[in-house]
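As you go down the protein sequences, you meet chains A and B in turn.
Residues in the first sequence are numbered from 1 upward in steps of one, following my numbering.
Residues in the second sequence are numbered from 1051 upward in steps of one, following my numbering.
Errors might be hidden in some of the hints.
What the simulated footprint calls covered on chain A by chain B, stretch by stretch (three residues with Cβ under 8 Å from a Cβ of chain B suffice, anywhere in the stretch; the number is not a length) [to be verified]:
| no. | region |
| --- | --- |
| 1 | 821-835 |
| 2 | 941-952 |
Every beta carbon over 10 Å from chain A, so not counted as near; a handful from chain B, in silico [what the hints assert, rightly or not]:
| no. | residue |
| --- | --- |
| 3 | L1185 |
| 4 | L1187 |
| 5 | V1214 |
| 6 | A1250 |
| 7 | S1267 |
| 8 | P1377 |
These are calculated hints, taken from the structure and not from any lab test.
Here a beta-carbon is modelled for each residue, glycine too, at the ideal position from N, C-alpha and C.
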Amino acid sequence: MKENKKQYWKGVEQLTNHPEFVKYASKEFPQELPYDKGILNENEGGSSRRDFLKLMGFSVAAASLAACEAPVRKAIPYLNKPEEINPGIPNYYASTYTNGGNYCSIVVKTREGRPIKIEPNKLSNVSGKGTSAQVEASVLSLYDKARLSAPLINNSQVDWSELDAQVKTKLESIASGGGQIRIVGKTILSPSTKAVIQEFANRYPGTELVMYDPVSSYGIVKANEDSFGKAVIPTYHFAKAKTVVSFGADFMGTWINPNKFSRDFIKNRKLDGGKKEMSRLYQFESNLSLTGANADYRTPLKPSAEGLAVASLYNLLAGKAGQSEINVEKTEVAYLSKAADDLWESKGNSLVVSGSNDPNVQIIINAINGLLQNIGSTIDLKTPVYFRQGNDEKMEQFVSDLSSGKIQGVIFLNSNPVYDHYLGADIQKALADVNLKVSICERKDETASEVDYVAPDHHYLESWNDANPVEGEYSLCQPTISPLFNTRQAQETLLAWAGKPGVEFYEYVKDYWKDNIFTTQRKQLDFQTFFDRSLHDGVYSVEARAITMEFIVFGGDLNAAASNIASAYKAKSNGVELVLYETVALGDGSQANNPWLQETPDPITKACWDNYLTISQAMANELGVEVIEGNTYQANLTAGGKTVSLPLIVQPGQARETVGLAVGYGRTKAGRVANNLGINAFPFISEINGLSSLNVISGVAVTLTGAMTKVAHTQTHHTFMNREFVVQEAALDTYKNHPEHVFHRPKIAVSDFLEEKLGGEDEKKDGKLQPREISLWKGHDYNNHHWTMAVDLNSCIGCSSCSVACMAENNVPVVGKQEVLNRREMTWIRIDRYYSSEKSATTNAEMEVAAENPEVTFQPMMCQHCNNAPCETVCPVAATTHSTEGLNQMTYNRCIGTRYCANNCPYKVRRFNWFKYHDNKQFADNSSMNNDLGKMVLNPDVTVRSRGVMEKCTFCVQRIQYGKLEAKKKGRRVIDGEVTTACANACPTDAIVFGDIRDPESRVAKLLKVKDKGDRQEIHEHRAYNVLEEINVKPNVWYLAKIRNKEENA
Amino acid sequence: MEVVSSVRTPLVTGAKTVGDVTQDICVRVEAKPPKTWFMAIAVSLALLAVGTYTLFFTLWDGIGVWGLNKTIGWAWDITNFVWWVGIGHAGTLISAILLLFRQKWRMSINRAAEAMTIFAVICAAFFPLVHMGRLWLGFYWVLPLPNTFGSLWVNFNSPLLWDVFAITTYFTVSLVFWYIGLIPDFATIRDRAKNKVSAAIYGALSFGWTGAAKDWSRYESVSLILAGLATPLVLSVHTIVSFDFATSVIPGWHTTIFPPYFVAGAVFSGFAMVLTLMLITRKVYKLEDYITIQHIEYMNIIIIVTGSIVGIAYLTELFMAWYSGVPAEQYAFLNRATGPYWWAYWTMMTCNVISPQLFWIKKIRTSLWATFILSIVVNIGMWFERFVIIVTSLHRDFLPSSWAMFYPTFFDVGDYLFTFGFFFTAFFLFAKFFPVINMAEVKSIIKSTSSSDKAIK
């Protein structure tokens, strides 16, 4: 083929041999390709070797991911998405927690239609602005597998129609024969429910409602009837009291309305903004209660002397008032005359209360308050509270009627008297011969097991309801999930039997409100608006409520009471006395099958999963008992002719010759978590002056069985070893006089050069610097938020609601008794409880022993989010790092579980997943992670941690993130209060304050008196300190030192 | 030509010739092992079996089967780790430092000591691996490997990461050093092999060694270079292990004395372990002429010296705690001596400080039984030293609310036994299949120091 000699030019440039063309003639591409630029300079875009690796890695990962089919299990999409439910966005509904007479106005957080968290309703005037451990945990009880799933007749599941038919037939035959029917319930706060019962009673004449409280306050009602002619429990205004004296009333823990009482009491204890005045609390009691632990002066007192101590106080005050004394045996009680002096000084602004159920004691208490002109001031009889409506006399009458066969039908309405009434055994025996036995309840408990017909009730989170806890205060309860089981609301059940089948209780409540509550206001003209408003707020206060109070004159029979006291109490008695109490976590035991509550340690003993006998150090010495690391002795307790065997715990502060025992344990038919934990103490309830009493003052004996046993404690070392770097406190007078000098401020000796270089301008030149001024680290820059927490030790009462709130919010696993014994509980926030040692203690060995009647400090302890975090430097894989907002973050996915971080944490707040706690039969008690029902409570915003990783408090980073996103949507910064942690929100006393320290308007910045220095914030509050300041880890949690209102050398 | 002082006692006794050395050592590899050997390996395998059982459950259920808790995150795991690493040190010290110092008495013990190092380091490395909550990820996440997890990288601030580097380097160098030393001896065994299998295996192992002058020259150079590389490792490995504690904030851990104190302790425990093993091997294999009383005495002297350093370190710690004026620090040391773990502290003190001082007495230091018992006592003491440092510091640190006790479980003990099982099994297999004494090197000292040589003169 002829060679083609034709030449084609690439362009005019080639033809003309343009220099630009010649330059690139030898190159394949005239322009430089971008690919190798990246290698030279990564910032100029293009792809680099690193990008290539990334891309390759991604493709490999993507390819392998695509190869695995993601299992889809039980995911049912909405056919039509409900308008108000957006996946990933929580909805909040105001509602009301009621459990017998225990009440809390709440806000329920739901996610995708599941209630997952209880928050306090800050609009409530009744329940404080916080929650309690029991309220927080109640959401898990909703998902309890032990709940009844269908109506039962003689233990076999039936249809509602069949149950209704049989019960109605029996009811009618009893009513037509003139028989007696009793509805037995715990305190009922709901006015609508009472109306339903009234309708029922109208339909079946011979029906009577009998209410009881497992721990009764009926003595107060009787005394008030005698003293003032009003059979009520009044409103106590702790917020107005400068001096409070309490005889065994645990008003911060379990007495009547503890949440509100604590909040009010703590109002007068806060020293914010340079306040220098505090109220003073005297506590006279046998067991060390939560209130006793927070008292300024506490005197251990045998219950047999309680009445005389109250009478002595009366006599002391009568002397001051110039009135005649009452004639009782004289008794010496420490601090009693001091209390009298203080009371007299704050006359009209003081408060004396007693937890006794003996009306005679309460009459004297009334007389004392009368002398002090407190009636109408701190005690408001015109605004009675309805938390305890139980009537001991009626209940005893019921039991005797039942035993003698006078009652043909009995309906237990959400009550379990076979377990939680002291005559439970009699009721159980008598029930055998009753014609109609019905229980309307949520589980087949001890009472429901004794009846023929069981009508399962909704959980309160599935129910409509209302409540009238205090005169003039109403609240509504609304369902936040449709019923999980084939249950029916108790009220609808009663209505169905009363001949109104198919009536919705919602309509009933609405009608009741329209007729009775709508009329008490004039603001809203339209009922629907009024009802919607009330439902939205959750609470409604009657507008026209008389705020004015009246001074009511004490008109009781003082001498009769005095003579009854003289005969029933003794100043000196020999022999052991038993004092029963409710624990903060378990209360009367109705929620015992809730693992969150079982694992919450008692704030005082720090023991959980069991009840035990608390004995004094003196008795321990007598018996030769020593409790080391939870290893203890088993003992036989004999009281009231009954003997049980249970472990001993040595309890500092326990009055000599007394022993304490908690009720609420010893359930046998509550569910797998609670069954057979501890013993039931309700049968030990005795009688004093005709009413039930938690004290057994004679015939009590404690003997060792010789066996050893173990009690699970979360804290086994009880004193703070006088370590000022841990707990700082001062007496009020000292603080008043030298607020800047009383606290421990570590300083480090340095050279003059360093002092010159690093010291603050206005600092004294003394050759010493504060630890935080010296650091090898440059520190972190916080350009946006800097999250900080302040914990006021003066406000923390130790109630543990923060701890349970945290468990619910952060999916913290429950590990069970054995693992708590192994010291592996997982709580992210714990409340350290420290006893003081005897003042004379100097050596370590002496300081390890708590004083016989110690001062108590509660210190909530969670991750301190150190700015120089020791955990962050030691992690080999950088699984724990610092955020730009001051958080110490834990990346579970990256953690390999060397536990080095936990070892190096000076606060020991890191928790390791020793086992797989979810989907593991060994941890079935951890019900929120081990069955499909329980798992519904999990917070979807928080990962369930796998075995082998470390976890800890995150400052509720998911809430911070949510708050920031919400603010971003509105185009602004987060406003203080929009973001808060679960613990801070739950706290009834506002002891925990969370916020952004760089926001000068935030509560936390104001509380700590922050001065903004641009790149850093200086704290100027004298009480503020960091735990372990000297090791310079610079925590983001500040503690405000505890101030006790007592004399320096008392 | 070496000139040897006539006042020095010979290092090899029994009028051994070069041929005797080959015969004495090789016969152990070639002949059927004695009954005692079978008994020993049976016991080791039994330990290994128990250990495998507990190890299985440790991995299956999680390390919750151990006695650790929220306060005490490390106990037997890291105690055993530090203990085993320490034991390894003697081998490296003998082969590297003594080589550089031209201490010829090391020649008949270095082979076994190095083998012990290798096995001890494997046992040591076992614990940091198993103690991880998520071993299946952790074993490679601690290595700085390029990855696709985003920008994830290891944390170079963490002493645990330094440990990873220190231990892997140490293991690699020790293994190479040991193996290079074995090559001429493998060649000897190859040349004597009577069956094809062993000829092939030892032939492969000896890397074609011909015994030429060039081979020997390179062998000597490599040994010297590796000795030079290994020498700093003797100091650095335990220094870095001690950083795990020294760089923390926990009272009782946070002290600058740890690096020298740990190194001395490591050599101390290492020599004790060498003695324990040597005395048994010497007896079983009848190597009295090669490992003489003089060797034992020298090692005992090192034990006195290092034991005394350790003792001074203990006292210095106590003094510093008092002198610092830091209450938590003072409490930590007072608690060690008088708290709930006082018995561990005083076991440590007795075993490590008091018992080695007995070696000042010549009669004790040259007694086989006394040496054997004290070598075990020292290693018990050194185990307790690590236990005391780790557990008693953690169990009562700053906040009394978290104070707790550690109680070991069956699985703590079992996993420790696993390493014993492995260690002794490996050592006995080594003693059977590898020449336990470095023949090539020992032959080099027969002429100048053996008694036969003198006798001829």
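Run through the hints listed earlier and report the numbers of any the structure violates, in increasing order.
Numbers 3, 4, 5, 8, in rising order.
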